[in-house]
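2 protein chains.
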Amino acid sequence: MIKSPSSLEELISALRCLPGVGPKSAQRMAYHLLQRDRQGALHLSHSLKHAVESVKHCAKCNNFSEEDICSLCSSGRRENDLLCVVEMPADLLMMEQAQCYRGMYFVLMGRLSPLDGVGARELPLERLLKRAQELSCEVILATNFTVEGEATSHYIATMLRANGIKVSRIARGLPVGGELEYVDSGTLAQAVLERRAVTE
Amino acid sequence: MIKSPSSLEELISALRCLPGVGPKSAQRMAYHLLQRDRQGALHLSHSLKHAVESVKHCAKCNNFSEEDICSLCSSGRRENDLLCVVEMPADLLMMEQAQCYRGMYFVLMGRLSPLDGVGARELPLERLLKRAQELSCEVILATNFTVEGEATSHYIATMLRANGIKVSRIARGLPVGGELEYVDSGTLAQAVLERRAVTE
Numbered sequence: 029m030i031k032s033p034s035s036l037e038e039l040i041s042a043l044r045c046l047p048g049v050g051p052k053s054a055q056r057m058a059y060h061l062l063q064r065d066r067q068g069a070l071h072l073s074h075s076l077k078h079a080v081e082s083v084k085h086c087a088k089c090n091n092f093s094e095e096d097i098c099s100l101c102s103s104g105r106r107e108n109d110l111l112c113v114v115e116m117p118a119d120l121l122m123m124e125q126a127q128c129y130r131g132m133y134f135v136l137m138g139r140l141s142p143l144d145g146v147g148a149r150e151l152p153l154e155r156l157l158k159r160a161q162e163l164s165c166e167v168i169l170a171t172n173f174t175v176e177g178e179a180t181s182h183y184i185a186t187m188l189r190a191n192g193i194k195v196s197r198i199a200r201g202l203p204v205g206g207e208l209e210y211v212d213s214g215t216l217a218q219a220v221l222e223r224r225a226v227t228e
Numbered sequence: 029m030i031k032s033p034s035s036l037e038e039l040i041s042a043l044r045c046l047p048g049v050g051p052k053s054a055q056r057m058a059y060h061l062l063q064r065d066r067q068g069a070l071h072l073s074h075s076l077k078h079a080v081e082s083v084k085h086c087a088k089c090n091n092f093s094e095e096d097i098c099s100l101c102s103s104g105r106r107e108n109d110l111l112c113v114v115e116m117p118a119d120l121l122m123m124e125q126a127q128c129y130r131g132m133y134f135v136l137m138g139r140l141s142p143l144d145g146v147g148a149r150e151l152p153l154e155r156l157l158k159r160a161q162e163l164s165c166e167v168i169l170a171t172n173f174t175v176e177g178e179a180t181s182h183y184i185a186t187m188l189r190a191n192g193i194k195v196s197r198i199a200r201g202l203p204v205g206g207e208l209e210y211v212d213s214g215t216l217a218q219a220v221l222e223r224r225a226v227t228e
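Each protein sequence line maps, in turn, to chains Y and A. Take 29 as the starting number for the first sequence in this note's numbering and just add one per residue. Take 29 as the starting number for the second sequence in this note's numbering and just add one per residue.
Honestly, the hints are just simulated from the structure, not real lab data. Computed from a predicted structure; not experimentally measured. Among the hints, erroneous ones may be present.
The list makes no distinction among identical chains, and a pair is therefore deemed to hold if it is satisfied within one copy or across any two copies.
[Claimed, not checked] Straight-line distance between alpha carbons at most 30 Å, and here's what the computed DSSO-like set of lysine-lysine pairs gives:
hint: 1; residue 1: LYS52; residue 2: LYS84
hint: 2; residue 1: LYS88; residue 2: LYS194
hint: 3; residue 1: LYS52; residue 2: LYS88
hint: 4; residue 1: LYS194; residue 2: LYS77
hint: 5; residue 1: LYS158; residue 2: LYS194
hint: 6; residue 1: LYS158; residue 2: LYS52
hint: 7; residue 1: LYS77; residue 2: LYS52
hint: 8; residue 1: LYS158; residue 2: LYS77
hint: 9; residue 1: LYS84; residue 2: LYS158
hint: 10; residue 1: LYS52; residue 2: LYS194
hint: 11; residue 1: LYS88; residue 2: LYS77
Taking the hints into account, I'd like the entire structure generated from these sequences.
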């Protein structure tokens with residue numbers, strides 16, 4: 029039986045760590061890189077190593093950062109009386125692009141999703157609580173309006189209110205099932221403006 | 029304006045070298061690796077570097093190989109009077125799995141595809157011709173039965189026959205175990221057109 033070179037086999041199996049990449053895609057990618065873009069492959073190899081070594085999480089907002097405290101959290105020009113909870117860094121960037129919010133952030137880096145093995149313990153909820161108590165401010169929940177995002181929002185709201193923290197949720201001006209990352213800035217700004225108190 | 033860490037931005041842009049990966053997928057992949065699979069990312073980084081450094085092309089069949097001459101070409105147990113031309117290494121593996129062929133191979137590592145910028149000059153046709161003349165044997169064209177594969181096959185057949193080399197094409201028709209009722213009309217029409225005499 030003929031076999032591929034072992035370093036090629038290893039590359040194909042290593043590419044499987046990328047989300048959404050199965051055996052056929054991995055093979056196609058490996059062939060493409062070795063046949064047409066060795067320069068790109070080396071650049072990707074270097075970037076992966078460099079990112080893994082230098083990207084960590086901001087001690088305050090939990091966003092990706094190369095410093096202990098990210099530039100947003102250490103900036104003196106943000107308001108300290110609002111803490112906005114988002115699922116992913118891309119959501120934070122969308123919030124900033126909407127230019128509707130000048131407060132602090134907390135990035136969950138995920139959402140409650142039992143089917144993917146992400147329960148409450150897998151999210152940094154202790155740190156979120158500590159951060160909210162530290163700022164003693166209103167917390168705005170800006171998780172997605174998907175089933176998982178809503179569950180996450182509900183869970184966090186319950187936890188924070190049990191600790192006497194005021195919680196609000198961005199308005200459902202977003203379409204049901206919509207995701208922050210893909211919405212237009214005007215809609216997002218409106219949703220922040222019309223956030224409602226969580227009373228129950 | 030808030031910005032992502034530069035090493036994260038660099039990783040996202042480096043991931044774009046993978047075929048079929050756009051800006052959104054690259055972002056999703058980068059987040060996934062940094063958040064959930066740093067081990068996998070380091071392994072991928074290493075595998076990319078190792079593969080680029082050690083995988084080259086066999087001097088005879090042009091397949092990927094870590095040696096100058098791959099194990100198939102250097103094996104003494106292959107027949108020297110047949111040369112089978114395939115598009116990609118995956119096609120060679122399929123041929124081997126079918127256990128129907130004991131001759132040599134030549135892997136084009138692509139196909140004529142002007143829309144993707146692959147013309148006759150981008151394929152190693154000179155080397156194929158040299159190899160065929162060296163073996164002075166029959167060449168079996170086993171490129172795909174797609175538009176590009178057919179064009180490639182036609183081009184190579186013309187070139188080889190102009191140099192006095194015997195050329196054949198693998199048969200087209202109904203699959204083994206196939207039923208007329210379920211086969212597409214193009215295949216059936218071709219099978220009728222290319223019918224062969226029943227000689228006993």
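To see whether the hints hold, each was checked on the structure:
1. For a Cα distance limit of 30 Å, the shortest separation of LYS52 from LYS84 across copies, 21 Å, qualifies, whereas the shortest one inside one copy, 32 Å, does not.
2. Proximity of LYS88 to LYS194 under the C-alpha cut-off of 30 Å is restricted to the intra-copy arrangement: shortest distance 19 Å within a copy versus 73 Å between copies.
3. Proximity of LYS52 to LYS88 under the C-alpha cut-off of 30 Å is restricted to the inter-copy arrangement: shortest distance 26 Å between copies versus 41 Å within a copy.
4. Proximity of LYS194 to LYS77 under the C-alpha cut-off of 30 Å is found in neither arrangement, the shortest distances being 42 Å within a copy and 51 Å between copies.
5. In this assembly of identical chains, the alpha carbons of LYS158 and LYS194 lie at most 30 Å apart only when taken from the same copy (14 Å versus 78 Å across copies).
6. Proximity of LYS158 and LYS52 under a CA criterion of 30 Å is satisfied in neither setting, with 45 Å inside one chain copy and 32 Å between copies.
7. For the identical chains of this complex, LYS77 and LYS52 are neighbours both inside a copy (25 Å) and across copies (21 Å), given an alpha-carbon limit of 30 Å.
8. In this assembly of identical chains, LYS158 and LYS77 lie within 30 Å of each other by CA distance neither inside one copy nor across copies; the values are 32 Å within and 42 Å between.
9. For the identical chains of this complex, LYS84 and LYS158 are intra-copy neighbours only, at 19 Å inside a copy versus 55 Å across copies, given an alpha-carbon limit of 30 Å.
10. For the identical chains of this complex, LYS52 and LYS194 are neighbours neither inside a copy (50 Å) nor across copies (34 Å), given an alpha-carbon limit of 30 Å.
11. Proximity of LYS88 and LYS77 under a CA criterion of 30 Å is satisfied intra-copy only: 25 Å inside one chain copy versus 35 Å between copies.
Checked against the numbered hints above, the structure violates hints 4, 6, 8, 10; every other hint is satisfied.
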